[in-house]
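Chemist: In order, the protein sequences belong to chains X and B.
When we follow this note's numbering, the leftmost residue of the first sequence carries the number 1, and every step to the right adds one.
When we follow this note's numbering, the leftmost residue of the second sequence carries the number 1001, and every step to the right adds one.
Treat the hints loosely; a few may be bogus.
Once the Cα atoms are required to be at most 20 Å apart in a straight line, the calculated EDC-like pairs of lysine to aspartate or glutamate come out as [claimed, not checked]:
1. Lys42(X) with Glu1001(B)
2. Lys45(X) with Asp82(X)
3. Lys45(X) with Asp1073(B)
4. Lys42(X) with Asp1(X)
5. Lys42(X) with Asp1073(B)
6. Lys42(X) with Asp70(X)
7. Lys39(X) with Glu1046(B)
8. Lys1052(B) with Asp1073(B)
9. Lys1058(B) with Asp1(X)
10. Lys45(X) with Glu1089(B)
11. Lys103(X) with Glu1046(B)
These are calculated hints, taken from the structure and not from any lab test.
Predicted, not measured: the structure shown is a model, and the values here were computed from it.
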Amino acid sequence: DIQMTQSPSSLSASVGDRVTITCRASQSISSYLNWYQLKPGKAPKVLIYAASTLQTGVPSRFSGSGSGTDFTLTISSLQPEDFATYYCQQSYSTPLTFGGGTKVEIK
Amino acid sequence: EVQLVESGGGLVQPGGSLRLSCAASGFTFSNYWMTWVRQAPGKGLEWVANIKQDGSEKYYVDSVKGRFTISRDNAKNSLYLQMNSLGAEDTAVYYCVTGGGVPGARFVHWGHGALVIVSS
C-alpha cells in the first residue's frame, strides 16, 4: 500500500499569508495526486487533481505542484474562507490512500 | 446538478449489520466508478471501497474485507454498502462519492454523509 505523509499536521496563519502544505508518497505515484478541502458540516471539495490541475470553480490562489513522491499545495494569499483541513490523496493504485490532513487555523 | 444522498446510517450494536444506500441524480450514474469514503470522529479520510461502472470490479480497504460489500443498481441510480460484523472502529461518517477507478481517480462529487455509530 502507498502511504501518504502530510506536513505539517496543523499550522496557524493570518489572512493574506502564503501557505504551503507538503505531501510525500512512500513510492512514486507520477502525478496521480489530488488535494481536498474539508470544512465542518460540509462535504469535502476537490481543489487540485493530477498534482497541478485546478478543479473548475476553485479560486486561482490555490495551486499544486510536484511529481513522483513529493507534492505541494500552496495558497498564495490566505482568505477567511480557507481556514479548513486539507488532505492529499493518491490516485495511482488501490487501495486509494489519503494523507493525515493539515488543519489551517487562524493566527 | 449532481446530487448524492446517503441514507441508512444510525446506531448499531457491535457485531450488528447496517446497509447504507446512496441515491444519485443529475448525472449518468452508470458511466461512473463509485466509491465509499469514511471519516471517523476526529480522524482523517479513509477510502473504504469502490465499484466499477458495471459492477464487475470491486475493491476494499483491508480493514473491511470480508465484512463489507459494495454494490450498485444502475437501473435505480443507487449505490449500496452492506456492512456486517460492525465494530467500534467502523464508527464514522460514510460518504458516497463519484469516481474511483485507477489511475487518476478524482473524487469530485460527495454526498453529505451518513453517520454510523457502533456502540452498545
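Chemist: Hints first: check each against the structure and report whether it holds.
Modeler: Against the structure, the hints come out as follows:
1. Lys42(X) with Glu1001(B): 17 Å, holds
2. Lys45(X) with Asp82(X): The given pair, whose Cα atoms are some 12 Å apart, holds under the 20 Å limit.
3. Lys45(X) with Asp1073(B): At roughly 26 Å apart (the allowed maximum being 20 Å), aspartate 1073(B) and lysine 45(X) break the hint.
4. Lys42(X) with Asp1(X): Violated - the C-alpha atoms of aspartate 1(X) and lysine 42(X) are around 29 Å apart, more than 20 Å.
5. Lys42(X) with Asp1073(B): 27 Å, violated
6. Lys42(X) with Asp70(X): This hinted pair is violated, its Cα atoms lying about 28 Å apart.
7. Lys39(X) with Glu1046(B): 16 Å, holds
8. Lys1052(B) with Asp1073(B): Between lysine 1052(B) and aspartate 1073(B) the Cα gap is close to 12 Å, so the pair holds against 20 Å.
9. Lys1058(B) with Asp1(X): The hint holds at about 17 Å.
10. Lys45(X) with Glu1089(B): 25 Å, violated
11. Lys103(X) with Glu1046(B): Given pair lysine 103(X), glutamate 1046(B) holds - Cα atoms ~17 Å apart, limit 20 Å.
In this structure, the hints that do not hold are numbers 3, 4, 5, 6, 10, in rising order.
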